[in-house]
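S.K.: Numbering (this note's numbering) for the sequence shown: 1 to 851.
Treat the hints with care, as some may be off.
[Claimed, not checked] Simulated restraints on C-beta separations:
no.	residue 1	residue 2	range
1	E612	T802	43 to 49 Å
2	T828	E618	35 to 41 Å
3	F557	E759	25 to 31 Å
4	G717	E612	39 to 45 Å
5	K24	K224	46 to 52 Å
6	D713	E59	41 to 47 Å
7	F784	A595	46 to 52 Å
8	Y724	E618	33 to 39 Å
9	K24	Q522	27 to 33 Å
10	E618	F557	54 to 60 Å
Simulated from the structure, these hints should not be mistaken for laboratory data.
Glycine included, C-beta positions come from ideal geometry on N, C-alpha and C.
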Amino acid sequence: MLKKFDKKDEESGGGSNPFQHLEKSAVLQEARVFNETPINPRKCAHILTKILYLINQGEHLGTTEATEAFFAMTKLFQSNDPTLRRMCYLTIKEMSCIAEDVIIVTSSLTKDMTGKEDSYRGPAVRALCQITDSTMLQAIERYMKQAIVDKVPSVSSSALVSSLHLLKCSFDVVKRWVNEAQEAVSSDNIMVQYHALGLLYHVRKNDRLAVSKMISKFTRHGLKSPFAYCMMIRVASRQLEEEDGSPLFDFIESCLRNKHEMVVYEAASAIVNLPGCSAKELAPAVSVLQLFCSSPKAALRYAAVRTLNKVAMKHPSAVTACNLDLENLVTDSNRSIATLAITTLLKTGSEGSIDRLMKQISSFMSEISDEFKVHSPRLPSAHCGQKYPRKHAVLMSFLFSMLREEHHRGDSESKETGLSHLCEFIEDCEFTVLATRILHLLGQEGPQDQQPLQVHPDFFVFELNRICFVNTGAVSALAKFGAQNEEMLPSILVLLKRCVMDDDNEVRDRATFYLSVLEQKQKALNAGYILNGLTVSIPGLERALQQYTLEPSEKPFDLKSVPLATTPMAEQRTAAKQPEKVAATRQEIFQEQLAAVPEFQGLGPLFKSSPEPVALTESETEYVIRCTKHTFPEHMVFQFDCTNTLNDQTLENVTVQLEPTEAYEVLCYVPARSLPYNQPGTCYTLVALPKEDPTAVGCTFSCMMKFTVKDCDPTTGETDDEGYEDEYVLEDLEVTIADHIQKVMKLNFEAAWDEVGDEFEKEETFTLSTIKTLEEAVGNIVKFLGMHPCERSDKVPDNKNTHTLLLAGVFRGGHDILVRSRLLLLDTVTMQVTARSSEELPVDIVLASVG
């Protein structure tokens, strides 16, 4: 038996893991003990524990190794030791996907499943369902039906949960067990009722009418299980999101009066998360959460204040009635609750309470967790200059005191004060990561001050101190100062020359690179290599370079083949430390899928995929079609994800045929060969981009789905005729300029503007006759062009009738496109658009699209 360690033992290192030095080969050698006679249950159970530990730690067992160990383990069924038998069940479940011929233990598990030992029956059901595939399921169907309605709750729950898992591979078989599941719903055991209800819902979830009837039935007759009530609340709220339904909302509201606290909270949480909920509809839920704020249970207080915090985001007035209860929580012994209470009060309270709240939160900052230390400074920052503009001095003082433990960035009104505080703080900062982030911020914001030498007179002293351990962050910040201020450039060059002799390789490399760029004294070089940098995805660049080395080519590496990132490389680098293995991005997954289609060979790198699929049918229709638009340098591929919701039909050779304007040309269709009931399939349409009139990128396609229909047996899915041709009209599909432009962020727009140059600059003026406010104009322009607003220019100041919007993007083919839009509000909005690019075509397309 393992020794139990308390928390003090763990902190002192006494609770070391007894399995941490296990070796796979040694454990598999030990497994030979399973063949001994008589069986030693205690020893065998300990070896099984080691095998399970290795598997769950990610240790790879080869198929042969796993199969040998598995067959040896099956001999342990000769023992009647309860502990050993349950360890066998666990091992079977874990090794079922590794070893071969695991189905050999079916008879043993079936015997245990139908035996008299109740402690064996439930685990045996779970293990048996884990190794049973769709072809063998019918052989144990009778036993599963009996287990679902078994009088022993653990057996019934095991069968119901296993049935839920089996739905993924054998939906039609499990669907036949509905009558037994309905009988189990009436069980007195709360877990059995919960699991039975879950199975019923997942069987019927694709049939909205059946789900509505189920909700109506169980809400009318009531439920015994609080877990089942919580599930019904979630199902009802999901239904409400898709359709209006007063009875559903009434049911959720009635659960606010349930005797179980978890049901009451689930109902309140569901109501506040419903989209478009009015203040009147929120009131009952807020009242319940207000009562929870004074609960003696810390979990309920935390849940209540956390949910009220979310409500205050959109409906601060609805939470105002709870301010007194929230103020009582400010002194709560649980500092997480206290922090949430204060941050909620900052959203709902008055300006006069700010001083007191800041004093209270400062008093216990040392006692709360790091997660809340990070969260606490962020909220004052968000409200500084917005809800409490006259309190920025108090808030900034709070943020400066927090810098001794956490980094924070102030708002525009108090930017100069904040940067000065950062300069003072960084001299004795003991946290390398924090100091690096502050240096990055100083390098980004500091050079933009009108008099940087006066605002930061000691900056260079701090930099020299930091170079010892912050290294690359300090060098990058120095380079940004030098790139934007000619007065400071000589001093910057001296410091960088000293960094060239640093012991750290990366410091030397960066310093040498920045020194070489700055000595050229060219704005374009400064913008491209220091201020804005590359806008490619770091994981994408790594993969592209690796692929290039694996497939040698005489052509030089093309950076335009690398997927773009919405944030510059410097921002990506400081945002988070990259894991050793980075997951593929959505665009990389699409690129791999499309490259596997023979018809799409030679299209070049995928430039952009639409962020969200476009629905071409209603979700309730017999066929559900969604389109994802993929843009290549000279082509577009339309990916149509199709679902057939008719169980008595199978569709074959499914294509979506397009009728474009004269500018586009349809080249080919790639059909979905078969579309059985409720199994998604994909077909493609390839079009060539306009050549005769390349500026005509905007187009509306008429869409028609064509296919062969074959009637089939709803139970088996087998077709019984040759079928007939049919077609189905879809919604129109629109292609806009935004499909040809990828968003990129430029940290310094002016530098990027100068870098591109004015060779292909063009300017036109337009009148936006239907738009009456600058905010609406800015929102429409950003959405229409699909470009990234830079330097927070999408935020329009109050009481202004003029505004300048700065937008950055990359046009297909890898050409930077920048737009400066000056807006003037009189009776209508007048817009002067100036566009720049490294090529003429992107500029012409932008102006033609806006016009």
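S.K.: Of the hints stated earlier, which fail here?
M.R.: Violated hints: 1, 4, 7, 8, 9, 10; rest satisfied.
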